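Protein chains: 2
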Amino acid sequence: MSIIQAQHIMLNDPAHVRVAYEPKYSHGSAFINGTYVDLDNAAIPMSDLGFTQADACYDVVSVSKGYFFRLEDHLERFESACTKFQLTNPYTKKQTTEILTNLVKQAGAKEAYVWWAVTRGFMPDGGDRINPNAYENRFYAFVVPYVFISNDEQRARGIDLLVSKQFIRIPPEAVDPTAKNFHWMDLKLSLFEANTANKEWSVLCDASGYLTEAPGSNIFLIKDGVLYTPDSGCLEGITRKTTLELAKEIGMPIHVERVHVEQLLNADEAFLTSTAGGIMPINTVDDTVLGGKAGPGELTTQLHNLYWTKRWDGWLGTAVDYSTPANV
Amino acid sequence: MSIIQAQHIMLNDPAHVRVAYEPKYSHGSAFINGTYVDLDNAAIPMSDLGFTQADACYDVVSVSKGYFFRLEDHLERFESACTKFQLTNPYTKKQTTEILTNLVKQAGAKEAYVWWAVTRGFMPDGGDRINPNAYENRFYAFVVPYVFISNDEQRARGIDLLVSKQFIRIPPEAVDPTAKNFHWMDLKLSLFEANTANKEWSVLCDASGYLTEAPGSNIFLIKDGVLYTPDSGCLEGITRKTTLELAKEIGMPIHVERVHVEQLLNADEAFLTSTAGGIMPINTVDDTVLGGKAGPGELTTQLHNLYWTKRWDGWLGTAVDYSTPANV
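Protein sequence lines, in the order shown, are assigned to chains A and B. One point on numbering: in my numbering, the residue at position 238 of the first sequence is 238, and numbering is uninterrupted. One point on numbering: in my numbering, the residue at position 191 of the second sequence is 191, and numbering is uninterrupted.
Just so you know, these hints were derived from the structure itself, not from any lab. Given the structure is predicted, the values throughout are model-derived calculations rather than measurements. From the three backbone atoms N, C-alpha and C, an ideal C-beta is built for every residue, glycine too. Not one of these hints is a red herring.
30 Å max Cα-Cα, derived DSSO-like pairs, lysine-lysine:
1) A/K94 - A/K310
2) B/K165 - A/K84
3) A/K165 - B/K84
4) A/K293 - A/K248
5) B/K93 - B/K65
6) A/K199 - B/K84
7) B/K241 - B/K94
8) A/K199 - A/K293
9) A/K241 - A/K94
10) B/K84 - B/K241
11) B/K199 - A/K84
12) A/K93 - A/K24
Some, not all, of what chain A presents toward chain B, calculated at C-beta under 8 Å:
13) A30
14) L39
15) I44
16) P45
17) T52
18) Q53
19) I130
20) N131
21) R169
22) E173
23) V175
24) N181
25) K188
26) A207
Quick look at which bits of chain B chain A covers, simulated, 3 or more residues with Cβ under 8 Å:
27) 37 to 46
28) 50 to 61
29) 131 to 143
30) 168 to 175
31) 183 to 197
All chains should be modelled from the sequences, with the hints used to inform the complete structure.
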């Protein structure tokens with residue numbers, strides 16, 4: 001099965017059709033510190049430090065064919081991020097699951113992008129701003145119909161990737177990338193750099209030329225049948241974890257270690273992974289056609305299709321019951 | 001004149017009294033993408049990338065005795081930050097000045113903290129997210145009554161500072177610190193680290209142990225009558241610039257260069273500078289009492305008092321005309 005065939009399954013299967021929802025939720029649904037609203041009316045206080053100081057952590061889980069994928073893994077990673085940033089989720093994992101499920105139902109989305117965050121909240125009065133316990137942390141969430149960060153056409157032919165020359169990724173010694181966070185300026189500007197260079201996406205290295213991550217995604221390369229991905233300087237992506245499991249399943253040797261950018265330029269195949277895009281094949285890096293042949297590599301295609309086939313079989317899925325209304 | 005005397009001038013002078021304002025602006029006033037509101041009702045859309053991806057730049061100017069200080073310098077720095085981050089302020093410098101002035105009048109604040117930002121705005125539809133021109137950038141601002149980040153008592157006795165052991169500052173190769181931005185997690189967590197160590201504020205080094213900046217402030221040290229401050233890895237603070245000018249005025253030799261943390265530990269005096277705090281003397285660094293004597297150093301005190309004396313004489317000030325209503 002080629003990637004294009006996999007796309008056809010995705011586009012035509014009635015299991016993906018959006019279920020009933022009120023028109024006001026057409027753009028999505030949101031939850032703001034205790035209240036459910038439609039996304040168009042979702043706002044956060046201007047003086048929330050999650051805004052003015054990116055003082056927050058967040059996570060994103062996807063829903064496909066009405067199933068959350070690895071929800072428990074995302075919830076655990078989120079709690080871990082809260083701990084790393086000395087934030088406290090005001091809701092338990094069970095309550096968080098209820099909120100996210102309600103939002104998916106409100107949006108009527110069987111294919112959904114589900115985002116939630118805990119922010120530091122407002123600056124406490126007086127000098128207590130250096131005490132994390134003086135803050136009342138706040139919870140926000142939204143759900144929008146799923147849009148691939150790499151669209152069908154791009155995934156079918158492979159992404160043209162730029163290694164950023166202008167930016168390195170924020171190092172773990174400054175901000176821990178394993179705690180998913182709002183610190184995106186290096187990533188964003190590297191995307192604009194890619195655009196200027198007529199590329200479609202970017203990847204960032206650390207100060208020593210070792211690969212870290214791409215905007216919103218992890219990077220993998222394949223050389224002589226062996227799968228490589230960086231062990232540090234990046235988010236511990238859930239799709240990354242899934243990919244490593246799938247590679248094991250099909251018998252690929254795996255190296256999770258420091259990976260130099262030169263290895264990427266000499267790779268046979270490469271791809272990005274992301275909750276917002278699944279497995280996204282890379283066609284070229286800078287001006288190098290990987291493996292000397294345009295299009296997604298063979299092993300990449302195999303992993304891509306296995307990922308979606310297993311997901312659509314309900315693997316590690318949590319069903320959303322759309323037949324009952326959201327409990328809001 | 002000691003720092004305590006300077007504080008008494010500040011606290012008792014009727015020139016600092018808040019002028020008439022509607023009670024709804026008691027917490028401050030705000031401007032959201034074209035609309036004036038009170039701060040309690042000021043909110044930004046949840047899906048503005050300024051929130052979810054810290055994709056924004058900002059600036060802060062202070063008002064004292066009804067005068068903006070170096071407003072033109074702040075406006076210029078802000079425009080420069082927009083350029084560095086490929087953001088476009090939808091308002092000219094003249095329009096920005098009008099908005100900020102209206103907010104100060106609405107808040108009735110003769111001592112004010114004036115904040116404004118331009119965010120990336122919403123994610124554009126389709127794949128155009130890598131093109132900065134596809135975004136409609138948004139302008140937000142707020143004004144609150146001025147609160148010193150270092151209060152009178154702290155400034156009179158000097159701050160107990162911690163050199164962060166757990167975090168380095170985000171390096172310029174990742175996010176340019178001369179473009180004032182929302183990337184604060186390293187700074188915030190270093191403050192919590194300081195709190196745990198029973199200190200009051202923190203300062204961060206780069207990966208090689210050279211001083212960068214403190215949360216929201218620049219760092220200076222004095223050794224044998226010579227003034228030192230880092231030349232890179234930090235915001236080019238307006239109070240920093242002012243301090244360098246004042247030091248020149250009183251004949252102090254100035255070294256703007258790489259400054260190692262060891263130099264701070266061996267300094268005779270040190271202080272922080274910030275729009276939100278002016279010149280803030282340091283008492284101890286880690287457990288070292290600077291100059292072997294508790295309290296603000298002599299030259300630091302001289303600079304502190306000169307700073308406020310000149311400001312209150314209207315130096316580089318732009319008067320706010322509170323006798324006419326805000327044009328909103």
